[in-house]
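S.K.: Assemble chain B onto chain A, guided by the hints.
Number of protein chains: 2
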Amino acid sequence: MAGRTSTPGQTVSRRLLAVLDVFDVAHPALTLTEVAARSGLPVSTARRLITELRNWGGLERLDDGRYRIGIRLWTIGTLAPQQRGLREAALPYMHDLFQATQENIQLTVLEGTQALCIEKISSNKAVPTQTQIGGRLPLHATGVGKALLAFSGKELLGSLAAAGLTRMTPHTITQPGRLAAALAEVRKSGVAYSYEEMTLGAASVAAPILGLDGGVRAALGIVAHSRSAVDRLAPAVRTAALGIARWAG
Amino acid sequence: MAGRTSTPGQTVSRRLLAVLDVFDVAHPALTLTEVAARSGLPVSTARRLITELRNWGGLERLDDGRYRIGIRLWTIGTLAPQQRGLREAALPYMHDLFQATQENIQLTVLEGTQALCIEKISSNKAVPTQTQIGGRLPLHATGVGKALLAFSGKELLGSLAAAGLTRMTPHTITQPGRLAAALAEVRKSGVAYSYEEMTLGAASVAAPILGLDGGVRAALGIVAHSRSAVDRLAPAVRTAALGIARWAG
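Taken in sequence, the protein lines are chains A and B.
Quick note on UniProt numbering: the first sequence kicks off at 1 and runs consecutively.
Quick note on UniProt numbering: the second sequence kicks off at 1 and runs consecutively.
Simulated from the structure, these hints should not be mistaken for lab results.
We put the CB at the ideal spot given by N, CA and C, even for glycine.
Incorrect hints may have been included.
Computed footprint of chain A on chain B, listed as stretches where at least three residues anywhere in the stretch have a Cβ under 8 Å from a Cβ of chain A [said to hold, decoys possible]:
1. 67-75
2. 109-122
3. 172-183
For reference, chain A alone in the conformation it holds in the complex:
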């Protein structure tokens, strides 16, 4: 077998995890052929690993033959610390904000060089967003992302700038110097804005949830239709974020 090393156990582990890695928010259900193609594994290997994962409960087979993540992995995932204390502290505040605004409410944490959405509340009346629980957002183009970035170390901004700030809309800040200035403003005011920088027709405002050590644990944000809407909602989102930080200890 090509690529097989002298420690076959490691290789098998990596292959098994590679099968899990092919599933994401954009690809929640895949055929065997798709799993093999996306993981770079031979079909026979992918089939065997899928069977292992199905027997364990980590994958389920749909009636149309596709596979998706099973409840066993969900159950294990609930043990991750990010989701437990923080989310439970945040949910009551998020529902208060939702009741007061009827807009999209998002709770995100820093995950690598992106913002990971760990909770959201929305309704049919709110501005449509593609953000789902478990989905990722760019740090430089979103309110929650800027709130996380502003209170993280300078190295993170450096590595984002080195990788290039992707232009999402004509309003996205793509110059590192301009972004650094915007982040200094966020640190001063305690709130971060995005005016159509991620999606045309949508604006967002967010506030950091800081830990006792001063580090940023999460960011709470609202996505609404207009700049004037999010400007008006800034005090509410900041108040809620401070409440969550106090409650989460």
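M.R.: For chain B alone, kept in the frame of chain A given last:
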């Protein structure tokens, strides 16, 4: 190595998954020695598999040297179908119920022969329960469990009876015949009760969330202090469950 078969790949996969399996609600953080002991693996094997999982992001190391589930597994787990559509449909109703009652609100699905809690809302004022998201409850002793059991096939009751109905309190129904009669009552009324059958000093009421095919998808429950409280709340929980079923399609 003892127990090694002629298909080492399968064995490695099973060992890797066995490492994940040792973590649960009661054991969210474990030392290397504990992981080895609980999985039945040699310490050297457990160490190697933990390293693989850490490199991937599935496990994290705490400052005290213990390991816990990482955000990578949480992210993948959010793709499980049980948590996506159903939970999003249910959350607004659960918050309405919570606002109206200030009691524990639980959403559960059938998982094997137990009820798995996939969402809960609670407060300091509510009666204390040990139920956590990702935690499991016995079917025969809880409101949500009886609601799931009453609308499942007869085989499930049979296998529960064969395994024995564990006595949780002096009020637990442990005779299969009495349980079957109680379940018939649940099917008639559309609500299921538990009066101190799970925990002394706590009562619960629950209603099934049925799918378009008539099968039970989930159960919505309230845990409160007294029998009179849950009797009064039965119409509210049933109404919310019907609303969720309609919304979830």
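S.K.: Next, verify each hint and record whether it holds.
M.R.: Hint check:
1. Residues of the region 67-75 of chain B lying with their CB closer than 8 Å to a CB of chain A number 7, which satisfies the three-residue condition for coverage.
2. Remark: the region 109-122 of chain B is confirmed as covered by chain A, as 5 of its residues place a Cβ nearer than 8 Å to a Cβ of that chain, reaching the required three.
3. Only residues whose C-beta sits within less than 8 Å of a C-beta in chain A count toward coverage, and the region 172-183 of chain B has 0 of them, not enough to reach three; the restraint is violated.
Hint compliance for this structure: hint 3 alone is broken.
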